[in-house]
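There are 2 protein chains.
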Amino acid sequence: MKKKIKKVNAAILIIGNEILSGRTQDKNIIFISNWLNSTCGITVSEVRIIPDVEKTIIENVIILSKKFNYVFTTGGIGPTHDDITAQSISKAFKVKYEYHKEAYSILEKYYGKKKFNDGRKKMAKMPEGAKLIYNPSSAAPGFIIKNVLSLPGVPLILNSMINNCKKYLIKGLKVHSKTINLYTVESNISKKLGLIQKKYKRNVEIGSYPFFRLGKIGVAIVIRSVSIIKLRVVNQELLRLANSKKIEILKL
Amino acid sequence: MKKKIKKVNAAILIIGNEILSGRTQDKNIIFISNWLNSTCGITVSEVRIIPDVEKTIIENVIILSKKFNYVFTTGGIGPTHDDITAQSISKAFKVKYEYHKEAYSILEKYYGKKKFNDGRKKMAKMPEGAKLIYNPSSAAPGFIIKNVLSLPGVPLILNSMINNCKKYLIKGLKVHSKTINLYTVESNISKKLGLIQKKYKRNVEIGSYPFFRLGKIGVAIVIRSVSIIKLRVVNQELLRLANSKKIEILKL
Numbered sequence: 000m001k002k003k004i005k006k007v008n009a010a011i012l013i014i015g016n017e018i019l020s021g022r023t024q025d026k027n028i029i030f031i032s033n034w035l036n037s038t039c040g041i042t043v044s045e046v047r048i049i050p051d052v053e054k055t056i057i058e059n060v061i062i063l064s065k066k067f068n069y070v071f072t073t074g075g076i077g078p079t080h081d082d083i084t085a086q087s088i089s090k091a092f093k094v095k096y097e098y099h100k101e102a103y104s105i106l107e108k109y110y111g112k113k114k115f116n117d118g119r120k121k122m123a124k125m126p127e128g129a130k131l132i133y134n135p136s137s138a139a140p141g142f143i144i145k146n147v148l149s150l151p152g153v154p155l156i157l158n159s160m161i162n163n164c165k166k167y168l169i170k171g172l173k174v175h176s177k178t179i180n181l182y183t184v185e186s187n188i189s190k191k192l193g194l195i196q197k198k199y200k201r202n203v204e205i206g207s208y209p210f211f212r213l214g215k216i217g218v219a220i221v222i223r224s225v226s227i228i229k230l231r232v233v234n235q236e237l238l239r240l241a242n243s244k245k246i247e248i249l250k251l
Numbered sequence: 000m001k002k003k004i005k006k007v008n009a010a011i012l013i014i015g016n017e018i019l020s021g022r023t024q025d026k027n028i029i030f031i032s033n034w035l036n037s038t039c040g041i042t043v044s045e046v047r048i049i050p051d052v053e054k055t056i057i058e059n060v061i062i063l064s065k066k067f068n069y070v071f072t073t074g075g076i077g078p079t080h081d082d083i084t085a086q087s088i089s090k091a092f093k094v095k096y097e098y099h100k101e102a103y104s105i106l107e108k109y110y111g112k113k114k115f116n117d118g119r120k121k122m123a124k125m126p127e128g129a130k131l132i133y134n135p136s137s138a139a140p141g142f143i144i145k146n147v148l149s150l151p152g153v154p155l156i157l158n159s160m161i162n163n164c165k166k167y168l169i170k171g172l173k174v175h176s177k178t179i180n181l182y183t184v185e186s187n188i189s190k191k192l193g194l195i196q197k198k199y200k201r202n203v204e205i206g207s208y209p210f211f212r213l214g215k216i217g218v219a220i221v222i223r224s225v226s227i228i229k230l231r232v233v234n235q236e237l238l239r240l241a242n243s244k245k246i247e248i249l250k251l
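Protein chains in written order, with numbering that gives the first Met the number 0: chain S, 0 to 251; chain V, 0 to 251.
No wet-lab data here; the hints were simulated from the structure.
One or more hints might be untrue.
Stated by the list, open to error - List of simulated lysine-lysine pairs, DSBU-like, C-alpha gap at most 35 Å:
#	chain 1	residue 1	chain 2	residue 2
1	S	Lys190	V	Lys245
2	S	Lys244	V	Lys100
3	V	Lys112	S	Lys191
4	V	Lys65	S	Lys26
5	V	Lys145	S	Lys54
6	S	Lys95	S	Lys114
7	V	Lys65	S	Lys95
8	V	Lys66	S	Lys90
9	V	Lys114	V	Lys130
10	S	Lys173	S	Lys245
11	S	Lys5	S	Lys177
12	S	Lys90	V	Lys173
13	V	Lys191	V	Lys173
14	S	Lys114	S	Lys6
15	S	Lys124	V	Lys215
16	S	Lys200	V	Lys66
17	S	Lys124	S	Lys54
18	S	Lys191	V	Lys114
19	V	Lys166	S	Lys54
20	S	Lys165	S	Lys112
21	S	Lys198	V	Lys166
22	S	Lys66	S	Lys100
23	S	Lys200	S	Lys229
24	V	Lys191	S	Lys54
25	S	Lys244	V	Lys112
26	V	Lys120	S	Lys112
27	S	Lys6	S	Lys173
28	S	Lys95	V	Lys197
29	V	Lys170	S	Lys54
30	S	Lys113	V	Lys177
31	V	Lys215	S	Lys112
32	S	Lys112	V	Lys100
33	S	Lys198	V	Lys120
34	S	Lys112	S	Lys173
35	V	Lys173	V	Lys197
To be verified - If the Cβ cut is set under 10 Å, some of the chain S residues that face chain V in the computed set are:
#	residue
36	Val7
37	Ile11
38	Ser20
39	Phe30
40	Glu45
Ideal Cβ positions, reconstructed from N, Cα and C, are used throughout, including at glycine.
Could you put the whole structure together from the sequences, leaning on the hints where they help?
Now the structure itself:
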């Protein structure tokens, strides 16, 4: 049974030399993080990007799965030699790496018996006891074992599968956010902003991010909280701060 | 004196709630990684993205600075309350967090004595013994202490500063790469590709990445090595593999 608890967090473990080497721009972090917060009220508290090295994957799966409520891995579940996520997670949890019956039959059906070669069969191998995360794009399923959910690295395919993770996740409280864009520089408001953050440190997180837009510089103040009421209160304080310093607010 | 050594690696530590929450797309990883490899022959071996939490920053700076030749931090060196990178690194290395004389005078000159307020002064505070990484965009310098280099989070500013890191870095061997785009699916070549990887495992790293282009699916085979000669040899093997399977090669 799912319980409504206050704070649920997750780590994302990006497995892939192509991201580390700077060849490929990661697009999965932003997608997973937004989906987890908006759909499940789960906060991403850490991200790691690591190479396709078995020992490194094992170490990180062990550490992150102990430290966070969930771990989402991306990448390394395809048919080629550099796809070693499933076997590494099996070793991390000291369980067999073996054919998952249902995954095997899904893939056999998808490719047809004749074309179901060794590479394709490899995609049905998972840690013993894993449950499937179905894949509506290209059949090969992801899986969950304990609190680790394994998804593919290709963003289009990952995006199509993410809703199938939902049934495995406990829901937390959604973090709401609001952005106030001010035409000023950070150092003009940093003192007052620090005082406001101090006053509401238990409930509201205030971030300050410089921006350049239409030739003008400004600061985006991002406030985040599970409480919409507290968010409104801090928003009012920020508007008062802008007013008192005669700072123009950019309406988007 | 700089020594030419074989493998030099680095970690990137992205400090910022805005990246973790999915509000902002990180652009610094890809930039730093490509610059480090092409300019200094340094390989990024791990990336971590963590929140603006002092304890977390301290822990990660200690772990990563022991594990890798260099650590590049991004974010958290501005004037606001959420900019706590410099003070956290000071604590990680158990040194004072104090005004850096040269940084102070650079900033005082940039803003003018009258406008040099507390927020701006904060940007001159660094770990004791830090050396400056000059900032041609907005004056506020980054710094290096031990093997940790701290840069700002705003990509435009970071990009303008990166060449000023060079003098602090030992050079390694550049990794060269080549991509062969094949109009096939991974599972059609996975077995042979695995054999080729096995044969050259000491010198060449082979990655396989599915792509979708102009309505057709394909596989990008990326080969990486410090040896251009070995890269050519593996490239030839891959062309033979494509030939033997009558796979069309996409020329870009």
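Against the structure, the hints come out as follows:
no.: 1; hint: Lys190/S / Lys245/V; result: 67 Å, violated
no.: 2; hint: Lys244/S / Lys100/V; result: 31 Å, holds
no.: 3; hint: Lys112/V / Lys191/S; result: 21 Å, holds
no.: 4; hint: Lys65/V / Lys26/S; result: 29 Å, holds
no.: 5; hint: Lys145/V / Lys54/S; result: 28 Å, holds
no.: 6; hint: Lys95/S / Lys114/S; result: 26 Å, holds
no.: 7; hint: Lys65/V / Lys95/S; result: 34 Å, holds
no.: 8; hint: Lys66/V / Lys90/S; result: 23 Å, holds
no.: 9; hint: Lys114/V / Lys130/V; result: 25 Å, holds
no.: 10; hint: Lys173/S / Lys245/S; result: 34 Å, holds
no.: 11; hint: Lys5/S / Lys177/S; result: 21 Å, holds
no.: 12; hint: Lys90/S / Lys173/V; result: 33 Å, holds
no.: 13; hint: Lys191/V / Lys173/V; result: 28 Å, holds
no.: 14; hint: Lys114/S / Lys6/S; result: 46 Å, violated
no.: 15; hint: Lys124/S / Lys215/V; result: 27 Å, holds
no.: 16; hint: Lys200/S / Lys66/V; result: 34 Å, holds
no.: 17; hint: Lys124/S / Lys54/S; result: 19 Å, holds
no.: 18; hint: Lys191/S / Lys114/V; result: 16 Å, holds
no.: 19; hint: Lys166/V / Lys54/S; result: 33 Å, holds
no.: 20; hint: Lys165/S / Lys112/S; result: 32 Å, holds
no.: 21; hint: Lys198/S / Lys166/V; result: 43 Å, violated
no.: 22; hint: Lys66/S / Lys100/S; result: 31 Å, holds
no.: 23; hint: Lys200/S / Lys229/S; result: 11 Å, holds
no.: 24; hint: Lys191/V / Lys54/S; result: 24 Å, holds
no.: 25; hint: Lys244/S / Lys112/V; result: 20 Å, holds
no.: 26; hint: Lys120/V / Lys112/S; result: 70 Å, violated
no.: 27; hint: Lys6/S / Lys173/S; result: 9 Å, holds
no.: 28; hint: Lys95/S / Lys197/V; result: 24 Å, holds
no.: 29; hint: Lys170/V / Lys54/S; result: 27 Å, holds
no.: 30; hint: Lys113/S / Lys177/V; result: 34 Å, holds
no.: 31; hint: Lys215/V / Lys112/S; result: 24 Å, holds
no.: 32; hint: Lys112/S / Lys100/V; result: 73 Å, violated
no.: 33; hint: Lys198/S / Lys120/V; result: 23 Å, holds
no.: 34; hint: Lys112/S / Lys173/S; result: 45 Å, violated
no.: 35; hint: Lys173/V / Lys197/V; result: 22 Å, holds
no.: 36; hint: Val7; result: 15 Å, violated
no.: 37; hint: Ile11; result: 8 Å, holds
no.: 38; hint: Ser20; result: 6 Å, holds
no.: 39; hint: Phe30; result: 7 Å, holds
no.: 40; hint: Glu45; result: 6 Å, holds
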